[in-house]
Amino acid sequence: MQKIRLLLTLITLATIVGPIAGILLVYQNNLLGLVIPPEVNKIMNGTFVTGNPLEPPVFVDSQYNVTSQTVALTFRFTNPFNFDLTINSMSADIQCDAHNFPLGHATLNNPVNIRASETATITVLGTWTQDAINHFQTAHAGAQSIDVELVGLIINVNGINVQTNEHIKISNVPIA
Amino acid sequence: MQAKINWFGLAGGVTTIVVIIVSLFSPWWQLTIGENLAKANVSPLNTNFDLIGTTFTIPLIWALNVVSLLTLVASGIVMIVYSIAPTKSYSKHLLGFAYKKPLFTLLFFVAVLFALTLLVQAILHFNVPLAGSTTSTLPTEFTEGTTISVLLSAEFQWPFWLAAVAAGLCIAARIYHKRITTTQKPATTPTTTTPPTVATT
Numbered sequence: 001m002q003k004i005r006l007l008l009t010l011i012t013l014a015t016i017v018g019p020i021a022g023i024l025l026v027y028q029n030n031l032l033g034l035v036i037p038p039e040v041n042k043i044m045n046g047t048f049v050t051g052n053p054l055e056p057p058v059f060v061d062s063q064y065n066v067t068s069q070t071v072a073l074t075f076r077f078t079n080p081f082n083f084d085l086t087i088n089s090m091s092a093d094i095q096c097d098a099h100n101f102p103l104g105h106a107t108l109n110n111p112v113n114i115r116a117s118e119t120a121t122i123t124v125l126g127t128w129t130q131d132a133i134n135h136f137q138t139a140h141a142g143a144q145s146i147d148v149e150l151v152g153l154i155i156n157v158n159g160i161n162v163q164t165n166e167h168i169k170i171s172n173v174p175i176a
Numbered sequence: 001m002q003a004k005i006n007w008f009g010l011a012g013g014v015t016t017i018v019v020i021i022v023s024l025f026s027p028w029w030q031l032t033i034g035e036n037l038a039k040a041n042v043s044p045l046n047t048n049f050d051l052i053g054t055t056f057t058i059p060l061i062w063a064l065n066v067v068s069l070l071t072l073v074a075s076g077i078v079m080i081v082y083s084i085a086p087t088k089s090y091s092k093h094l095l096g097f098a099y100k101k102p103l104f105t106l107l108f109f110v111a112v113l114f115a116l117t118l119l120v121q122a123i124l125h126f127n128v129p130l131a132g133s134t135t136s137t138l139p140t141e142f143t144e145g146t147t148i149s150v151l152l153s154a155e156f157q158w159p160f161w162l163a164a165v166a167a168g169l170c171i172a173a174r175i176y177h178k179r180i181t182t183t184q185k186p187a188t189t190p191t192t193t194t195p196p197t198v199a200t201t
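As you go down the protein sequences, you meet chains V and U in turn.
Heads up: the first sequence runs through residues 1 to 176, numbered per the working numbering.
Heads up: the second sequence runs through residues 1 to 201, numbered per the working numbering.
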């Protein structure tokens, strides 16, 4: 009876002390590594997964359709992750950079899927309001293009909604 | 004579072993951030995190998981051994060792999970649901003025409920043990009476 009791006590001790002592021995020179694995360090350095920092989308091109009064803004974005990303929605107000005059609203028409480690183009469509057309005729008479800003940008990536107060400047957007 | 078996104990021991095996592949509780952008797969036996396609674990949590795994393995095996011979003199010690561990593991798991969600809410002001879905906004001091709201979905998975069943069966085994021991009749040995000796002269 005493042997059984002793054996059970030893099992209890071994199951608790063994793993804890083992992990402490392995990490004796790096106790912080016990709670912060290398992956978390990479997140802190902003170089998670690929070793490259996450770069914001790069503006590539813009095109204007006179009849529909819409401007297509094209961005290029490289997905640095080993994971497919889906941009579900993207919207922002467009305003004149020189006069802070509201020109219209830009939205992403369809969700964009960006496969792991691949680059995709994202086209955002903006429609000029009648006030914007009047503004072009009065404040930018004769100009072929102007600089605009995207304000109040809201982007939804894989269910995460990001809203920034930063103004994103885009140069030489055609208005004629 | 029919051998006595504590069926609740046998079922509890086997279910505990099954819980251990399934928990290596499936978590007890899962938190999903966004549309599978990140996941926390949590169980007392195997906890890992999946962040943008990369899975990792925290070494200290891994060691605690091994402690739970070994404890439950010992508990399951000892419970099965006890159940086959519940009336032996040492059986009560085996039962005492085995029956509480699945319940304590379950209670400890729920308590830690509950405490962690409260802690995150108190310190980071970030609402993490124990079950169900919610949209939480990250504190702006961490996001440099950008507003980031995240869809969070949490759910207890079926291994958690299986563990609850295992804990219940082990408690039932403890209760049933009393019945086995009280209904056990003491071994009867034929009494022999010696006839009175007649003194012969």
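Please note that a few of the clues may not be correct.
[What the hints assert, rightly or not] Taking CB as the label site, the calculated pair distances span:
1. V:38 x U:125: 24 to 30 Å
2. U:107 x V:4: 25 to 31 Å
3. U:112 x V:107: 26 to 32 Å
[Unchecked claim] Non-contacting residues of chain U with respect to chain V, defined by C-beta distances greater than 12 Å in every case (computed):
4. 11
5. 18
6. 51
7. 55
8. 89
9. 96
10. 106
11. 111
12. 114
13. 115
14. 122
15. 155
[As the list claims (entries may be wrong)] With a straight-line Cα cutoff of 27 Å, these simulated DSS-like cross-link-like pairs (lysine-lysine) come out:
16. V:42 x U:100
17. V:3 x U:39
18. V:42 x U:178
Hints were generated in silico from the structure; no laboratory data involved.
C-beta atoms are modelled at their ideal positions from N, C-alpha and C, and glycine is treated no differently.
A quick look at each hint next to the structure:
1. V:38 x U:125: 24 to 30 Å: Given range 24 to 30 Å: holds, Cβ gap about 29 Å.
2. U:107 x V:4: 25 to 31 Å: Given about 26 Å between the Cβ atoms, the range holds.
3. U:112 x V:107: 26 to 32 Å: 44 Å, violated
4. 11: Correct as stated: the minimum Cβ-Cβ distance to chain V is 22 Å, above 12 Å.
5. 18: 19 Å, holds
6. 51: Incorrect as stated: the minimum Cβ-Cβ distance to chain V is 7 Å, not above 12 Å.
7. 55: Since the minimum Cβ distance to chain V is about 9 Å, residue 55 of chain U lies within 12 Å and the statement is violated.
8. 89: At roughly 6 Å from the nearest Cβ of chain V, residue 89 of chain U sits no farther out than 12 Å, so the non-interface label is violated.
9. 96: Violated: least Cβ distance 8 Å, not greater than 12 Å.
10. 106: 17 Å, holds
11. 111: 18 Å, holds
12. 114: 21 Å, holds
13. 115: 17 Å, holds
14. 122: 20 Å, holds
15. 155: Given a closest Cβ separation of 16 Å, the condition holds.
16. V:42 x U:100: 41 Å, violated
17. V:3 x U:39: Roughly 46 Å between the alpha carbons, so the hint for residue 3 of chain V and residue 39 of chain U is violated.
18. V:42 x U:178: Not OK: residue 42 of chain V and residue 178 of chain U at ~57 Å, beyond 27 Å, violated.
Hint compliance for this structure: hints 3, 6, 7, 8, 9, 16, 17 and 18 are not met, and every other hint is.
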